[in-house]
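J.: Residue numbers (this note's numbering), protein chains in the order written: chain A, 276 to 721; chain B, 276 to 721.
Treat the hints as calculated values from the structure; they're not laboratory data.
Treat the hints with care, since some could be wrong.
You can't tell identical chains apart in this list, so a pair holds if it fits in one copy or across any two.
Unchecked claim - Mimicking DSSO-like on lysine-lysine, the simulated pairs with C-alpha atoms at most 27 Å apart in a straight line are:
hint, residue 1, residue 2
1, 493, 331
2, 330, 349
3, 376, 493
4, 501, 336
5, 330, 376
6, 349, 338
7, 330, 629
8, 629, 331
9, 330, 493
Source: prediction; values computed, not measured.
Protein chains: 2
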Amino acid sequence: MRTKTVGGKKRCLTLSTTSPFSSITPDSDDEDPNPHLRKDIIWNRWVIFSQDRTKKPCDFKGKSTFNTNPSRNKPCIFCIGYEDECTPEIFRVPFDELNWKIRVVEHPYPALSRYVPELHNVPPEDTVLDGFGIHDVVIESPVHSDQLLELSPREIGEVFVAFINRIHELVPLGSIKYIQVFKNHGASAGASMSHSHSQILALPIIPTNVSARLSNMKDFFYQTGKCCICEIQHEDLLIDSSTYFFSLVPFAASYPFEIWIIPRNHSPHFHELDAEMAFDLGGLMRQTLRKISFQLNNPPFNFMIHTSPLHGDGTELAYSHWFIQIVPQLVPTTGVELGTGCHVNPVLPEDAAKVLREVIVPVFAHDRRTIGFSPPSKIVDYSEAFTTKEVFPTREYLLNWARAIGRENGFTVIIQRSTGVAATTCTFDLEINSIVSGGEKKRRRR
Amino acid sequence: MRTKTVGGKKRCLTLSTTSPFSSITPDSDDEDPNPHLRKDIIWNRWVIFSQDRTKKPCDFKGKSTFNTNPSRNKPCIFCIGYEDECTPEIFRVPFDELNWKIRVVEHPYPALSRYVPELHNVPPEDTVLDGFGIHDVVIESPVHSDQLLELSPREIGEVFVAFINRIHELVPLGSIKYIQVFKNHGASAGASMSHSHSQILALPIIPTNVSARLSNMKDFFYQTGKCCICEIQHEDLLIDSSTYFFSLVPFAASYPFEIWIIPRNHSPHFHELDAEMAFDLGGLMRQTLRKISFQLNNPPFNFMIHTSPLHGDGTELAYSHWFIQIVPQLVPTTGVELGTGCHVNPVLPEDAAKVLREVIVPVFAHDRRTIGFSPPSKIVDYSEAFTTKEVFPTREYLLNWARAIGRENGFTVIIQRSTGVAATTCTFDLEINSIVSGGEKKRRRR
């Protein structure tokens with residue numbers, strides 16, 4: 276077999292004097308910037324920033340999770356009233372009340388089992404271990420159709436308090452080395468149940484990712500005397516902030532529109548958070564999830580709480596700083612990521628942060644309760660609920676608003692057709708639960 | 276907020292005397308085995324094996340890539356005859372022939388750019404680099420609808436030879452530290468073009484995954500004096516073997532039905548492979564991809580060639596051993612993997628290996644050419660081509676066979692309906708290209 280080289284290598288050596296950095300200032304007009312690499316110092320890995328030339332950062336949309344789960348409107352074992360069919364309860368909030376708001380239960384299909392022998396110390400040469408571990412589910416709402424972003428800041432804060440209370444119960448177990456709290460939203464992000472829930476996985480080992488993260492943070496601390504998370508520069512990367520937290524797109528984000536929520540004050544362990552800070556976090560989390568939902572078309576996402584191992588020697592307290600990582604699923608994982616661990620991110624962090632900072636999240640149906648809007652107690656005619664003078668910037672905003680109004684009133688709106696969305700008045704064909712009601716009208720001004 | 280502990284911790288301490296290892300013998304009858312962890316010594320990470328109780332290993336199926344790309348049958352810039360619309364060619368096989376079999380071209384949307392300044396040495400404190408790198412595409416066939424698994428062993432071997440020839444051209448560039456060869460099959464595995472192709476990404480850095488892999492292999496070598504890949508025990512894990520290679524499911528596979536193809540003889544660099552070995556590899560690769568396609572419903576997949584960095588100090592030659600990793604995409608990535616790096620694998624490697632070892636891959640249309648089947652030169656009646664005495668074990672096999680026969684004859688079979696698949700004769704409604712031909716018949720014996 277003969278091959279011919281048609282200038283491949285020569286072309287490789289063609290140089291350009293253009294700086295690949297002309298692209299990283301957020302206001303750059305360069306529409307076709309050169310790629311560059313940034314190193315994530317927390318995980319010590321390179322990320323390739325190679326912009327997708329076919330779309331602008333604000334055009335990035337996920338595949339909505341809205342219609343992906345056929346059982347999304349059917350009651351499930353996580354719903355209020357179905358407690359007897361569910362796995363054993365660990366605790367509920369509020370204590371002992373029939374009308375609970377949050378329940379922590381055993382995971383129906385645990386990754387690890389609390390019923391196998393506990394491991395205390397794993398010899399480093401061992402390559403096989405018994406699968407001891409605790410895998411719990413935190414049911415975030417008694418109502419099947421509620422999404423986390425629809426709860427109030429305090430209700431979301433109570434979910435964080437539930438995580439903390441559960442972790443405090445697990446800390447005394449010497450066999451548990453690390454606790455991973457996470458949420459999968461949408462089937463393609465790994466959610467097997469559509470009822471909104473998070474998970475707590477207590478592990479008998481410190482995962483390699485976690486020990487690598489700690490080790491890299493330690494290196495930074497010994498070189499600079501500072502915690503690398505406390506030192507994050509966030510002027511161009513900032514999205515929002517609250518009393519105790521701020522949200523940003525990390526400088527070397529592995530994923531497009533990846534977001535971190537970081538406590539302002541140095542703190543190594545998530546479970547040291549107090550209730551006041553948890554409620555504050557609830558507000559920022561809600562704002563962030565709403566921005567993701569509206570800007571990115573309600574995509575599948577995961578969030579992970581990155582904290583410190585439970586039983587350190589104390590030295591890690593100086594350099595370890597917990598944070599939440601939120602990853603919307605917008606691009607597939609390819610052979611590059613699987614092979615090298617280097618992610619290719621098509622959206623510059625500064626651009627993603629600008630889009631997320633500036634996105635206007637319309638008032639959600641839920642919020643109307645707190646500003647004087649009360650849904651009719653006897654439901655006959657919904658035209659009033661579907662009438663607004665609000666101006667929606669895009670069709671997606673309008674449709675999401677209509678769905679939220681439906682949810683507020685206790686039914687699911689399925690929009691089969693919509694016409695005239697560009698005009699001041701638009702008409703929908705709505706399917707409400709299973710009753711089809713054609714031609715609902717809603718006013719819309721431009 | 277008050278919480279109530281309902282026995283959570285107590286239940287954690289309940290012990291079982293059942294060995295969690297009763298499940299890992301392949302013939303175990305235990306249908307609900309306890310989970311366990313295995314350590315992948317190559318990447319030094321734990322994998323959680325937690326079997327999916329809702330299905331047996333042989334029931335695992337992916338979401339077929341067959342209908343996911345609407346442009347799958349339209350000619351594209353990778354097709355023969357469209358060379359002028361394609362990105363610049365680097366070389367073709369055979370040399371200078373109009374009727375080429377393989378072309379290596381510049382990637383239309385490169386992750387890194389050959390047109391920015393070359394990097395030679397990256398200071399370790401640098402966190403931002405120019406995006407210099409070479410990103411090529413290897414077009415595996417001139418025909419749009421050909422899949423890699425449909426080529427002959429020699430043709431697949433020629434694709435490997437094309438990789439090697441291209442790598443040899445890149446080795447003299449001192450700025451290239453590592454070359455990742457990979458393939459994305461199916462849109463959700465990251466393939467943006469449906470025309471079968473692989474990619475070569477030459478990087479200006481050694482990715483962290485690669486240096487970690489080398490470092491772990493080195494540790495094993497210094498502890499045992501042996502290469503950890505040469506030492507792989509594969510009795511229960513073996514799938515197939517050829518003269519120079521064998522395929523297996525790794526002991527601590529991160530993904531269900533993950534497969535490694537390993538050269539029998541110790542070899543650190545993929546590009547040291549000679550043509551005879553490449554053709555042998557082509558046969559084993561074809562067999563493996565066919566098994567994945569038939570057993571797992573033609574799922575999206577990635578393969579990655581894991582080799583050694585280009586410019587080592589020579590010590591790595593003793594402990595480094597290249598191999599190919601094939602990952603069918605069958606389960607979503609969740610917050611556990613993103614948070615901890617520990618994968619949860621619902622299929623035991625021994626079980627996956629047994630299924631893949633035993634799966635019967637029916638004779639493909641392509642193979643018929645070599646055993647006396649010749650397609651009619653003037654196409655009028657295809658009933659003969661669609662008549663067979665072959666016994667198909669499942670409906671999927673039968674449908675895939677029908678599609679392959681269509682492809683063999685130069686058209687695409689779209690099966691709209693099929694009836695009587697359980698009987699000895701079955702009837703299809705076929706759409707052939709855009710001409711609908713109802714009631715094609717095919718005999719099938721049980």
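J.: What are the numbers of the hints the structure violates, in ascending order?
T.: Failing hints, ascending: 1, 3, 4, 5, 9.
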